[in-house]
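Undergrad: Based on the sequences and whatever the hints tell you, model everything.
Taken in order, these protein sequences are the chains called A and B.
In terms of our numbering, the numbers along the first sequence are unbroken and rise by one, the last being 405.
In terms of our numbering, the numbers along the second sequence are unbroken and rise by one, the last being 1053.
Keep in mind the hints are simulated off the structure, nothing from the lab.
Every residue gets a Cβ at the ideal spot worked out from N, C-alpha and C, and that includes glycine.
All clues given are correct.
One side of the interface only, derived from the structure: several residues of chain B facing chain A at Cβ under 7 Å:
hint, residue
1, LYS521
2, TYR524
3, ALA532
4, ASP539
5, THR787
6, GLU912
7, GLY1002
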Amino acid sequence: MMLRGLAALALAALALLVPSEGRAADLVVWHAYRAEEKAALEKVVAAYNARQKAVHVTTLAVPYDAFADKITAAVPRGRGPDIFIYAQDRLGGWIEAGNTVESIDFFVDQPTKDRFIPTTLEAMTYRGSVWGLPLNYKVITMLYNKKLVPTPPKTSTELVAIAKKLSDPASGRFGLAYAYNDYYYHAALQNAFGGRVFDAAGQPVLNSPEDVMALELLMRWVEKDRILPAEPSTALITSLFNEGKAAMVFNGPWFLGEIAREVDYGLALLPTITEAGGKPMRPWMTVEGVCVTAPSKQKDQAYEFAKYLTDVEASKVMAVEGRQSPANKAVYSDPKVGEDPMLKAFRAQVEVAVPMPNVPEMTMVWSPATTAMNAVTKKSLSPKQAVDNAQKAVARDAAELRKKP
Amino acid sequence: MKAASHRIRFLAGVALGTAVGLSLSWVLLRATRRDLAGERDRREAIISVQALADLLQKVGFSSTRVGQAVSAWQAQTPAGTVARIVAIAGAQLVASTDPADRGARETPRRLSREEKPLYDQGQRIRAAVATNRDEGGARKAEIEIDELASGSLALAAPVESGGTLSGFLAVQIPRTAQEPGGNGGLAALLLAAAIAVFAAFAWFVGERRLPLAAGATVCLAGALLVHANAAVRTVREELRAADEAVAAYATAQGRQAGEVLASLQVPVDPPLAPASWDTDEVRRPRRLIGEDGHPNEVALAGRVARASFEATRALFGVAAVSLLLLLVSGFGGFSRAGHELVEHRQAYLYIAPAMIGLLILVFFPFFYGITLSFTDSNLYNTNRSIAETWIGLRNYGDVLGDFGFIQRTQGGGFVINYLNFYWTLLFTILWTVSNVSFGVVVGLALALILNTRDLALRPVYRVLLILPWAMPNYITSLIWKGMFHQQFGVVNQFLGIFGISPIAWFETVGTSFFTAFPTNGWLSFPFMMVVSLGALQSIPAELYEAARVDGATRWQQFKAITLPSIRPALVPAIIISVVWTFNMFNVVYLVTAGEPGGSTEILITQAYKFAFQRYRYGYAAAYSTVIFFILLVYGVIQNRVSKATEAA
Chain A
1 MMLRGLAALA LAALALLVPS EGRAADLVVW HAYRAEEKAA LEKVVAAYNA
51 RQKAVHVTTL AVPYDAFADK ITAAVPRGRG PDIFIYAQDR LGGWIEAGNT
101 VESIDFFVDQ PTKDRFIPTT LEAMTYRGSV WGLPLNYKVI TMLYNKKLVP
151 TPPKTSTELV AIAKKLSDPA SGRFGLAYAY NDYYYHAALQ NAFGGRVFDA
201 AGQPVLNSPE DVMALELLMR WVEKDRILPA EPSTALITSL FNEGKAAMVF
251 NGPWFLGEIA REVDYGLALL PTITEAGGKP MRPWMTVEGV CVTAPSKQKD
301 QAYEFAKYLT DVEASKVMAV EGRQSPANKA VYSDPKVGED PMLKAFRAQV
351 EVAVPMPNVP EMTMVWSPAT TAMNAVTKKS LSPKQAVDNA QKAVARDAAE
401 LRKKP
Chain B
406 MKAASHRIRF LAGVALGTAV GLSLSWVLLR ATRRDLAGER DRREAIISVQ
456 ALADLLQKVG FSSTRVGQAV SAWQAQTPAG TVARIVAIAG AQLVASTDPA
506 DRGARETPRR LSREEKPLYD QGQRIRAAVA TNRDEGGARK AEIEIDELAS
556 GSLALAAPVE SGGTLSGFLA VQIPRTAQEP GGNGGLAALL LAAAIAVFAA
606 FAWFVGERRL PLAAGATVCL AGALLVHANA AVRTVREELR AADEAVAAYA
656 TAQGRQAGEV LASLQVPVDP PLAPASWDTD EVRRPRRLIG EDGHPNEVAL
706 AGRVARASFE ATRALFGVAA VSLLLLLVSG FGGFSRAGHE LVEHRQAYLY
756 IAPAMIGLLI LVFFPFFYGI TLSFTDSNLY NTNRSIAETW IGLRNYGDVL
806 GDFGFIQRTQ GGGFVINYLN FYWTLLFTIL WTVSNVSFGV VVGLALALIL
856 NTRDLALRPV YRVLLILPWA MPNYITSLIW KGMFHQQFGV VNQFLGIFGI
906 SPIAWFETVG TSFFTAFPTN GWLSFPFMMV VSLGALQSIP AELYEAARVD
956 GATRWQQFKA ITLPSIRPAL VPAIIISVVW TFNMFNVVYL VTAGEPGGST
1006 EILITQAYKF AFQRYRYGYA AAYSTVIFFI LLVYGVIQNR VSKATEAA
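TA: Take a look at the structure:
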C-alpha cells in the first residue's frame, strides 16, 4: 500500500521535472554580469520584451571564470545560447575553432556601423568581417589622489617631476604606481611609441625598435627616477593607493570599486610622452561585444536584439545604472551620461585607445611577454635581449600552431 | 567443461573468426571503393569549378558576358548543375543559372536575407585566401566542398581577376558515379567453404587440440587470403580507371572551355591548361594529369603502390583480429568466461553500477586523452576528425626526443632551455623528492611527539597541526606568494630583523624553488603526520618495555621497533604523496608561476601551458600520457619492492 503511494509520488515528481513547453521564439542570452550590471541588463531585456511580442528574451548569468570555457564547450555542440556577451580577446580563438560565433556582416548596414566609436567596432572585426556589435569598453586611465596632486600632469616630464617630489622608496611612498610588469598595462606606454604586437599580416613583431624604446623609458622611471615600486602586484597597488602612499595610479574601471572611501580621487587623461614626441599614451581597450552564436536558430531575431542592446536607449541604462562605458557614440550627448565624471574621463581616454588584438595567437604572447617584462625590470636582461627572446618564443609557438603537417 | 568437445569449439572458432574477418574485409573494401568514387567525383567537380573560374577570369568578372559564359559552361556539365556567381562588394548576385532566379529575382541583384549563408561562405573564402597569403602557408581551405543531402556536391571557389579577389562562385553538381558495393557473394562462398573444409578435417583428426588449432588457422588464413587478394586487385584497378576517367574529363572540359571562349570572341591568352585545374582544396595543382591529357604514370604508380600497401596493412589487422577470435574460442576462452559470469552473477551485478560510473567518468576521458595524443589536434583543427589529424607517435618523439637541454649562447656561455622536457622532469623529480622527504621527516617527528603518553592538550595540537591540510590550498598558496614579496612580504621583513637584505625571491631559479618548497612542505606534512600517528598508536607498548629491559637505546628502539611497524601504513602513504606532489599543480602554478622565465615549471604545469596557452592539444595529451607512464612505472616498482599493499 505504502509502496504504491510512494510510486505515485515519484511519478508526480518526475512529471514536474519535465520541462514545460517554452514559447517557440525564445531567445537565450548568456552573460557574466553581477550586481548592478546584471540588474541594468535585466531592465533592458524587460523593456525589449515589453515593446515587441515576436520573441521573448531570457538571460542567464554564468560565472565569469567558467564563462569562456562554457562557450567553447557548449556552443559548438548546439547546447549554448542564441546570444552571448563577452570581451573580444577570445574572439579569434572561437572563430578559428568554428561553429561558435556567427558573422554578422550580412546584417550590419552602414548606419549601424556609424553609431559606434570606430575603434570599438574594429575590436569586434576579425579578418575583415564583423563578428559582434560592441557593447561597452574598458580602458585604463590615470587616477590621482587629489590631496597629494592638486593638478594632474599632462606630459610625462610633468609626471616625473611631480612623482619625484612625492616619492620616498625607503619609506614605501611612491609618486606613481601601476602594474608595469603586466604587459597589458605596459602596452599603453608601448603604443605611444608606435609599437605593436602583431603587424598587419598577423605576424608577431614584439622586438620592433619602438618596443625597445618604450622599455628603456620604463626602466628610466624605475631606476633613475625611482618613482615606481618594485614587484607591483594589483593587491599592492590597491593597498598603496588606499593608504595614500601612491599619489598617481594607472588603472581601469574595475579599480574604482576597490578605492577606500577616505581617498579623494580624480580621473584624468594618461599623460603624453615627451620622449615619443608628445604622442599620447595609447592604452589597450577591452571591448565587450554582443555576439550571435552560429548554431542559433533565430539569427535574425538575435541580431535585432543585439541592435537594440547597443542602441541609445539601452546604452543609457547600462551606463547610468550598470556603470559601464557604452560603445555607442550618441548616448554621450545625454547629460546624465556625458557629464558623469567617471564616464566622461573614460570617454576622453578611449579616443586615443587601441583595441587589444583579438587573434588567437594573442594567448601565446602573455607568457613570453611577462617573462620579458620581469627580466627587464629585474635587470637580468637588457630591453633588446628581452624582447628578442619574447619574439622568438611567440614566433615559434605561432609557427607550430599554424603549420600543416 | 567436459561437455563441449574441442572439435565443436574449434568449429565455432573457425566460423566466428572467418565470419568476422570476412565481414570486416568486406566493409573495408566497400569503404575504400566508396572513397575512391567520392575522390573521383570531387576531382571532377573541382575541375569543372576551376574551369569556370578560369573562364570568368578571362571573360572579365564585371562584364555583361558573365551570364553567357556561365550558361555556356553549364551546358557542358551534368544536368541539374546550378551555378551562382557572387560579388562580395555589395553582396551582389552577379549571375545565376538557378531556375528560381528568374522574373522578380532576376540577376544582377542584392542577396536576400535567406541567402546569408551564401554571403558568409564568400567571406570565409576571402578570409581563407588572405590568411594563407599572410601566413605563407596552406592552412585554410580556399575551395569549400560539401556533400548535400540529395547526393550533390556543393562547391565554392574564389574568382580572382587582376590579382584581387573580386568574388566567388558557388556550384552544385549532382554526382554521376554509382555507389559501388563490396563483393558479398565471394565472401559468403569463402565462409561456407572454410567451415565445410574444417568440418571435414576435424572429423578425421579427432579430439587432439593442437592439430585442430593448426587446421583451423589454415582454413581461416586461406579464406581471408583469397578475399584479400581479390580486394587489393579491385582497388588497384579502380584507382587506375578513376585516374584515367578524371584525365579524360579534364581534357574534355578544356576543349569545351576553349569553344565557349571562341564563341564569345574572347582571346585565349594565356592558353588554357586543363591539367592545372586538377587541384586540392588549397588550389595547389595535384600534378596527376600529364600534358598530353593522360594520367601522370609515375604519380599514378606511386598512388597505386601506396593504396595497395595501406589496404594490405589494414587486412593484416583484420586477420590478426580474426585469428585472435579463433584461438580464444578454440581454447575455450568464451565458455570459461560464460561460466564465470553465470556463477558469480550476483557479484558482477553489484559492481556493475560502479563500473559504469568509472567507465564514463574515468576510463573514457583517459582513453580519449591517449587517442588525442596520437593526433595533431590544436586550436585550428578541432572540427576535423581524429582520423584526419592522425600523426602516430610524432608527438611522443617531439616530447621525448628533444635533447636540446643546454644551448650555447653567442657570448660563449651556457643557457638552459627551460621548455625542454628533461629539464622539467629533472626539476619535478627534485621537487618531489625534497618535498616528500621533508613531509615524511616532519610528519613522523611531530607524530612521535604527539604520541608521548599523558601529553596535555593533545587534541588541541592535533587540530592546529591539521589546519594547513584542511584549508583550501588555492588560497593558502596565494597567501604564501604574497609573503614572499620583495619589499612588502613578511619573509623578507623577518629576515631583515637579522640584518639580511631583502631577497628578490622570484628572480633566480634557486630562490624561486625555495618559495614553492616551504609552501608545499607546510601543506603536506599534516597528511604524513596523521598517517604516522595512526600507525604509531597500533604498536603495542610491551615491545618497548621489552626493549628497554634488554638495554636498547631510544634510537635503537626507533630503528628496530617503530620503523618496521609503521612501514605497512607509511609506504602506501609515501606512494600517494609522491604521486600527488609530482602532480602538485596548484602550488607551483600559483606561487612561482614558473618564474623566472619558465624555469620552475613541473611537468603538469608545463602540459597545462602547452594545452591552454599554446593551444596544442595533441602535444599536451602526449605530455600527460608520459607523466602517467612515469608515475605508473614508479608505483609498480615501489609496490613490488616494498610489498606495501600485500596483506600482512
